[in-house]
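Full structure from sequences and hints, please.
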Amino acid sequence: MLPTTLSSPRGQGNGALSPRDAARHTAGAKRYKYLRRLLHFRQMDFEFALWQMLYLFTSPQRVYRNFHYRKQTKDQWARDDPAFLVLLSIWLCVSTVGFGFVLDMGFFETIKLLLWVVFIDCVGVGLLIATLMWFISNKYLVKQQNRDYDVEWGYAFDVHLNAFYPLLVILHFIQLFFINYVIISDSVIGYFVGNTLWLIAIGYYIYVTFLGYSALPFLKNTAILLYPFALLIMLYLISLACGWNFTKMLCTFYKYRVK
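Going by UniProt numbering, the first residue of the sequence shown is number 1, and it counts up by one from there.
Okay, the calculated beta carbon distance ranges per label pair:
1. T196 with F253: 13 to 23 Å
2. L232 with V118: 17 to 27 Å
3. V97 with L240: 30 to 40 Å
4. D186 with Q61: 35 to 45 Å
5. P217 with I189: 37 to 47 Å
6. S89 with L128: 16 to 26 Å
7. Y140 with F57: 29 to 39 Å
8. F41 with R62: 24 to 34 Å
Think about it this way: if two alpha-carbon atoms lie no more than 27 Å apart in a straight line, the pair counts; the simulated BS3-like pairs of lysine-lysine are:
9. K74 with K139
10. K255 with K112
11. K220 with K139
12. K71 with K220
13. K74 with K220
14. K143 with K74
15. K248 with K112
16. K112 with K259
17. K248 with K259
18. K143 with K71
Calculated from the structure, these hints are not laboratory results.
Even glycine gets a Cβ: it sits at the ideal position worked out from N, Cα and C.
This is how it looks when you write it as structure tokens:
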């Protein structure tokens with residue numbers, strides 16, 4: 001008997017699909033599938049999303065190894081399950097309400113703060129950073145011999161969400177326990193503790209972002225994504241020398257925005 005399974009050759013890029021499967025592997029089809037699953041909670045793997053959140057703190061490399069596995073099995077780097085985004089949104093809402101409580105904001109002021117943090121700090125800034133990194137990585141970091149490869153925009157946004165989660169926990173949760181009694185005070189220890197938490201949070205963001213792009217085998221020179229560490233440390237030392245309190249500035253800014 002003749003074999004009934006035909007080999008389907010793939011190109012060097014994100015995978016050259018047969019015409020029959022091409023439609024369901026387009027960016028629009030993937031986006032539609034992702035958004036559709038937002039309405040079906042039972043189809044989301046929240047246990048796995050919690051696993052990712054845990055390992056983003058302890059071993060973020062393991063999270064990106066899973067992204068590599070998804071590429072091999074589902075032919076896409078970006079997440080196809082919105083469970084991580086849903087849990088991140090819940091974290092964002094809870095921590096922002098806690099932030100409003102600590103800053104002694106009223107109900108409507110807290111709602112305004114929540115809307116600002118969700119749509120500006122997370123989504124708006126995330127769209128901007130993801131688009132910028134998507135452009136830079138495809139324009140300057142893709143290896144010349146692998147021009148058929150490209151960084152998916154959805155993957156760039158996933159990298160932002162991965163990096164944003166530890167920053168959110170540090171600045172919007174852990175920091176809450178120190179704001180009123182330590183950080184906002186005009187003492188040296190106040191801005192030292194506050195600025196150190198900022199250093200750790202933004203350092204996490206830079207490092208997890210670097211891991212996200214270095215995990216892609218068709219990118220080169222991804223070490224340049226670690227260069228902002230030098231500027232971050234410089235700003236940290238300058239802030240300590242000048243007595244700048246980043247957390248106090250943030251609280252003042254938030255209170256101004258919700259008036």
